[in-house]
Amino acid sequence: MKSIYLQTIIFSLFALIVTSCETEIEFRGDDTASLLVVNSILSPDSAVKVHVSESKFFLKDDSSFENVNDAIVNLWVNGSLYEQLLSTGQGFYAGNYIPKAGDIIKITAKNNKFPEVNAESEIVQATPIVSVDTMIHVSDIYPIVNGYGNYLDTIGYSKMTEMKISLKFNDPPNQKNYYKIAVKLNQEYSDGSKYMRNYYFSSDDLVFGNTTEAGIFDESSYRLYHEFNDDLFDGKNYSLKLNSSFISIVYDNNPSGGTSDLEPVEIVKNELILELQSISKSYYLYLKTRNAGSSVIDFFSEPVQIYSNIEGGIGILGSYNTSRFKIDIPKTFTGEYYY
Amino acid sequence: MQLTITFAHHLPKIYCMKKLFFTSLLPFLFFTFIVAQNHTISGYITEAKSGETLINSSVYDANSRKGTVSNSYGFYSLTLPKGKVEMLFSYVGFTSERRIFNLTKDTVINIDMHESIELKEVTVVGSQKETGVKGSQMSAIDIPISLIKSVPTLFGETDVLKALQLLPGVQGGVEGSAGFYVRGGGPDENLFLLDGVPVYNVNHLGGLFSVFNADAIKNVTLYKGSFPARFGGRLSSVLDIRMNDGNNKKLHGNISVGIVSSKFNLEGPLFGEKTTFNISGRRTYYDLLAQPILKIYAKDEDMDKLTAGYYFYDLNVKINHKFSDKDRLYLSAYIGDDVIYSDIRESYRYDNSGSEENRIRLNWDWGNFITALRWNHIINNKLFMNTTATYTRYRFNMSVGADTESITNTPPSTTKESITLGYRSGIEDYGAKIDFDYAPNPNHEIKFGGNYINHSFRPGVQVLSSKLATDSTTQSMDTTIGNQNIYTHETALYAEDNFNIGSFIKANIGLHYSAFFVQDKFYHSLQPRLGLRALISDKLSFKAGYALMNQYIHLLSNSNISLPTDLWVPVTKQIKPMKSHQYSAGLFYNFRNIVDFSVEGYYKSMDNLIEYKDGATFLGSSTGWEEKVSMGRGWAYGLEFLAQKSIGKTTGWVGYTWAKSERLFDRPGEEINNGEMFPAKYDRRHDVSIVVSHKFSKKFDIAGTWVYSTGNSGSLGLQNYYASPIPGEEYNYNNSLPYISKRNNYRLPDYMRLDLGVNFHKQKKHGIRTWNFSVYNATNQKNPFLIYVSSDYDYNPETGEYTEKKSLKKLTIFTIIPSISYTYKF
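Those protein sequences? They're chains A and B, same order as listed.
Letter by letter, the first sequence follows residues 1 to 339 in the working numbering.
Letter by letter, the second sequence follows residues 1 to 826 in the working numbering.
To be clear, the hints were calculated from the coordinates, so they are not data collected in a lab.
Among these hints, one or two may not hold up.
[As the list claims (entries may be wrong)] Just a few of them, taken from the derived set where beta-carbon distance is under 7 Å, the chain A residues facing chain B: (1) CYS21; (2) SER53; (3) LYS56; (4) SER139; (5) ILE141; (6) ILE267; (7) SER294.
[To be verified] Here are a few chain A residues that face chain B, going by a calculated C-beta distance under 10 Å: (8) ALA33; (9) HIS51; (10) ASN67; (11) ASP70; (12) ASN74; (13) LYS168; (14) ASP171; (15) ASN174; (16) LEU224; (17) ASN229; (18) PHE233; (19) LYS236; (20) TYR238; (21) SER308.
[Claimed, not checked] Derived lysine to any residue pairs resembling SDA-like cross-links, with alpha carbons at most 20 Å apart: (22) B:LYS305 x B:ASN358; (23) B:LYS149 x B:GLY648; (24) B:LYS809 x A:ASP231; (25) B:LYS84 x B:TYR60; (26) B:LYS805 x A:SER46; (27) B:LYS805 x A:LYS176; (28) B:LYS576 x A:GLU26; (29) B:LYS805 x A:ASP62; (30) A:LYS184 x A:TYR222; (31) B:LYS218 x B:THR275; (32) B:LYS305 x B:ILE360; (33) B:LYS573 x A:ASP31; (34) A:LYS176 x B:THR275; (35) B:LYS810 x A:GLU24.
Predicted model only: the values in this text are computed from it and were never measured.
All C-beta atoms in this analysis are idealised placements derived from N, C-alpha and C, irrespective of residue type, glycine included.
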């Protein structure tokens, strides 16, 4: 017994020795002044809209951002001043101009507190989707589980269906192109209500540069969108490979006695919308670094520098141009499965 | 006077033919003609007490003022004109030996040197050694192992790498780690050689300790630049560590007990003086101490069994057999592992209905195994051959599993379920090399040779196996995910001549040719090396050096600290070999054979460096790693000052470094920091270190180190800003983004530390016992391990609201740490 006490003392002593301590330190540096933040992602779908705010020193206690409503925000189109955007409140500035593909858009902004900042971006051409092929197979069948974790195997079963999507498009030659792909699920119900939402998908397509490949401790591989470039297929037809999973609940012949949260849903339209966006380089770099920054899970990893193209300030001026393709899917596909 | 070809004298024809062959290999052997009749003095220099060979001992003829040094195996060869010679053999800490005689024929003199008893009697010609004032080698340093052992360290664990971190030009990474960054280079740009065999993972416990057990080590030489042609394969440094051969006179050893580990060392003759052995081992035992506590915990928690712990161990073994004066065989091996384990068993009994037993097992282990079989052969008194077969491997194994056994009484049935997730990675090399030392005359010391390494890179492989067995059925599944092994071939040839032009100029000119074959791609490189010394006076010299280095392998690491999951990978078609050009120049001064001063400047440009792209993560998976890194360039330059005293009662050094290291990654599509220049991860402007050890008497000595350095740099978002929603997204995920104006834009507070140690020795009946007391960070300096933003919330009872208060905090992991150890040496 004596030896155990002795070992306990040694054990505790060792633990005490390696106990770390934290202390507050004074920030030393002169980069404490806030900067003007300009955010605008332009598209030929809508008129130019810009958000202007102030950045905040990282040790400031207040967590909200200050919108800037008194800025002079000018829109330049193809080298000429087109209009001054008008403040619509909450830091937003709106104009009348609807950008066209090929336009060079420049935004300048300033107010009494901040000197002028500016950024420039080209409105990119849309890349049409040529065709879409799908292939589905049932990958798993398992009991229905209600919200309390109870198995309800007397009323039916759940079915997971894997859908492999091949989306073909022609990449414009002799230029660097950047893309964003997203999948949406559009559901219309018998009561007339509509519900559109982004749908999780995965891909092991090489164009994503193994961003979806999981390490030994990394489990997540499904995302709501992926950005990629044409490094691997410049100027060629390319078939992009995507995977999505759907959960269907299949009831036995007479689903009587089921709990209310498991009653079948009357869906009259169930469609998947594939959105291929051609995006500007600035928007691509912004998305890439923003996603990378939010996915850093290792405590010791290098922090990510999020891309900014606002000269003299912070933020992003980018553009996108969307092509869509719709696929009707079985009405029983009600939910998604991702991990 | 007679014109004679040196090798045509006294020797059988077959030797002449061999020499003719070797000579023809080397275009710069044109100085083999001399204009006098010469004879060669050769032999081994050993320590009298133990028979241990002494590396870099100085051999000097006072009459002709010619000299040389013993090689890595204690062998020397000096060819002198016939006549009277006055040979002086010296080695740091040993009494010099003098031999005066008339040289009339080739002569073998094996010297046994005696450790100096009275320190004031020590005489040494330190300036003769290759790294001294008169040698041609610069940017290199020998540190006596006795001094390394005296440096006080964390938890009292003697650590070679941590002692070397205190030298100018070497930086140690994060607090407490055995990280190694040399002259602005990366952590994978150092070649660690243990008895000539590369060691791939030099860390235990995430870098808190290095794998080199000082008890097993004889000699440590660090090259930071001006690399001799015999070395290659890494850009930034070569650390040449030689193990003890073993005492050939008597059985000796020591045991040591510290707060982290216990060590032992045993050496002595085996079957007579011709065979010796040396074995050293150490193991941490914190896990063993913790077991009784875990048992109590398991009992309280109703567990059937709970074992868990962490330990590491090292074992160095060397056997040396002397067949004759001309042939020796060495077998050396190192094995070391870190192990994390746990085994938890629980059982439940459900009254009369049945029972269930659960088991969770975890086993991680990682480490090196290194072995070398070496044959030294003296072909003749001017030509020494060393042939080595080597094997080295680093591997990481992880296994996590769970087993369940359920027994139901009615109806009687048993179900067993087992699942195991395994992960393996590593690297394995088979190699062979041959090296020759050829000393045709006093003005030339030629080294040449070649090597071949077969690398097997084992990228991360995951294995998932599961088994479900009931009374009637058994289902099992085994899945393996991962890349196949990558096999590569690396070979190198080299030749260097360390020669004198008069007494003023000494130069080491060499060529290193290396080739690497990987996945149908062949890379090769011819690398010139130059070291030049101009002797301004007997005590003062100017040296300059140039080295082109190539590196064909990379270490993928996601962190600033060393993790066992870090992966070695070869270059590919896409990722080109790294290369560097390093220029260095400096002044070297020897003060009364007591203190060596040096001031060196260096400029290093590096190409095809890799950095991880923003947010890239590896975590043990090498798949697609090429897309996760960018290639770019780097520049490092600096000034290093060193004053080193290796003899006398007081030894140690004072070092200062001014350095700058920058990176530029601006290749299209691979931009980091928007394609603009940024400071490298361990760019630090100032580093100061003072290391002092003083022997008051045979019974009492003290040591202390003091270090000060500019803080490490890191990337910190100094502004937060509003991020608009991504068009099409329903939610604005993470609407506050940090703005990092530049990679490594913020500098941590300066670093300072004082370590103190004291030794009390006492002669006992069978040996000497030593108590060591040391204090790491004696002034309790709160040095930053990392900094972070902390949020505290103040509650206002009147409003019922919480107010956020942000502050910048630093985490200090090692405050003042005392330690104690006991050693008994017999």
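Outcome of the hint check:
1. Nearest Cβ of chain B to the Cβ of CYS21 (chain A): about 5 Å, under the 7 Å cut. The hint holds.
2. Taking 7 Å as the C-beta contact cut-off toward chain B, the hint placing SER53 (chain A) at the interface holds, the least distance being around 5 Å.
3. Hint status for LYS56 (chain A) relative to chain B: holds, with the closest Cβ pair at about 5 Å, below 7 Å.
4. Given the 7 Å rule on beta carbons, the hint for SER139 (chain A) is violated: about 16 Å separates it from the nearest Cβ of chain B.
5. The closest approach between the C-beta of ILE141 (chain A) and any C-beta of chain B is roughly 17 Å, which is over the 7 Å cut-off, so the hint fails.
6. Because the smallest distance between the Cβ of ILE267 (chain A) and any Cβ of chain B comes to about 20 Å, over 7 Å, the interface hint for this residue is violated.
7. With 7 Å as the threshold, the beta carbon of SER294 (chain A) comes within range of chain B, its nearest partner Cβ sitting at about 5 Å, so the hint holds.
8. Interface restraint check for ALA33 (chain A): the shortest CB-CB distance to chain B comes to about 9 Å, inside 10 Å, so the restraint holds.
9. This hint holds: HIS51 (chain A) has a C-beta 5 Å from the nearest C-beta of chain B, less than the 10 Å allowed.
10. Taken as an interface hint, ASN67 (chain A) checks out: its beta carbon lies about 8 Å from the nearest beta carbon of chain B, inside 10 Å.
11. The interface hint given for ASP70 (chain A) is broken, as the beta carbon of that residue sits about 17 Å from the closest beta carbon of chain B, more than 10 Å.
12. The interface hint given for ASN74 (chain A) is violated, since its Cβ lies 19 Å from the closest Cβ of chain B, which is over the 10 Å cut-off.
13. Because the smallest distance between the Cβ of LYS168 (chain A) and any Cβ of chain B comes to about 22 Å, over 10 Å, the interface hint for this residue is violated.
14. The restraint placing ASP171 (chain A) at the interface with chain B is violated, with a minimum CB-CB distance near 16 Å, outside the 10 Å limit.
15. The interface hint given for ASN174 (chain A) is broken, as the beta carbon of that residue sits about 15 Å from the closest beta carbon of chain B, more than 10 Å.
16. The interface hint given for LEU224 (chain A) is met, as the beta carbon of that residue sits about 7 Å from the closest beta carbon of chain B, less than 10 Å.
17. A distance limit of 10 Å between C-beta atoms decides the matter here; for ASN229 (chain A) the minimum to chain B is near 8 Å, and the interface restraint holds.
18. Evaluation of the PHE233 (chain A) hint against chain B yields a violated restraint, the C-beta minimum of about 15 Å exceeding 10 Å.
19. Against a cut-off of 10 Å between C-beta atoms, the interface hint on LYS236 (chain A) is violated, since the closest Cβ of chain B lies about 18 Å away.
20. Using the Cβ-Cβ criterion of 10 Å, the hint placing TYR238 (chain A) at the interface with chain B is not satisfied: the shortest such distance is roughly 17 Å.
21. Contact between SER308 (chain A) and chain B, as hinted, is supported at the beta carbon level, the nearest pair being about 7 Å apart and thus within 10 Å.
22. The suggested pairing of LYS305 (chain B) with ASN358 (chain B) holds, with an alpha-carbon distance near 11 Å, which does not exceed 20 Å.
23. Taking the CA atoms of LYS149 (chain B) and GLY648 (chain B), the gap is about 16 Å. The hint holds against a cut of 20 Å.
24. Only pairs whose Cα atoms come within 20 Å are accepted, and LYS809 (chain B) paired with ASP231 (chain A) is rejected, the gap being roughly 43 Å.
25. Straight-line distance between C-alpha atoms of LYS84 (chain B) and TYR60 (chain B) comes to about 13 Å, which keeps the hinted pair within the 20 Å bound.
26. Straight-line distance between C-alpha atoms of LYS805 (chain B) and SER46 (chain A) comes to about 41 Å, which puts the hinted pair past the 20 Å bound.
27. Between LYS805 (chain B) and LYS176 (chain A), the direct Cα distance comes to roughly 46 Å. Violation of the 20 Å bound is thereby established for this hinted pair.
28. Taking the CA atoms of LYS576 (chain B) and GLU26 (chain A), the gap is near 43 Å; set against the 20 Å cutoff, the hint is violated.
29. Between the alpha carbons of LYS805 (chain B) and ASP62 (chain A) the distance comes to roughly 8 Å, so the proposed pair stays at or under 20 Å and holds.
30. At most 20 Å may separate the alpha-carbon atoms for a hinted pair to count; LYS184 (chain A) and TYR222 (chain A) meet this at roughly 14 Å.
31. This hinted pair checks out: LYS218 (chain B) and THR275 (chain B) have alpha carbons roughly 18 Å apart, not beyond 20 Å.
32. A distance of roughly 10 Å separates the Cα atoms of LYS305 (chain B) and ILE360 (chain B); the hinted pair therefore holds under the 20 Å criterion.
33. Only pairs whose Cα atoms come within 20 Å are accepted, and LYS573 (chain B) paired with ASP31 (chain A) is rejected, the gap being roughly 42 Å.
34. Taking the CA atoms of LYS176 (chain A) and THR275 (chain B), the gap is near 70 Å; set against the 20 Å cutoff, the hint is violated.
35. At roughly 6 Å between alpha-carbon atoms, LYS810 (chain B) and GLU24 (chain A) fall within 20 Å of each other, so this suggested pair holds.
When held up to the earlier numbered hints, the structure conflicts with 4, 5, 6, 11, 12, 13, 14, 15, 18, 19, 20, 24, 26, 27, 28, 33 and 34 and fits the remainder.
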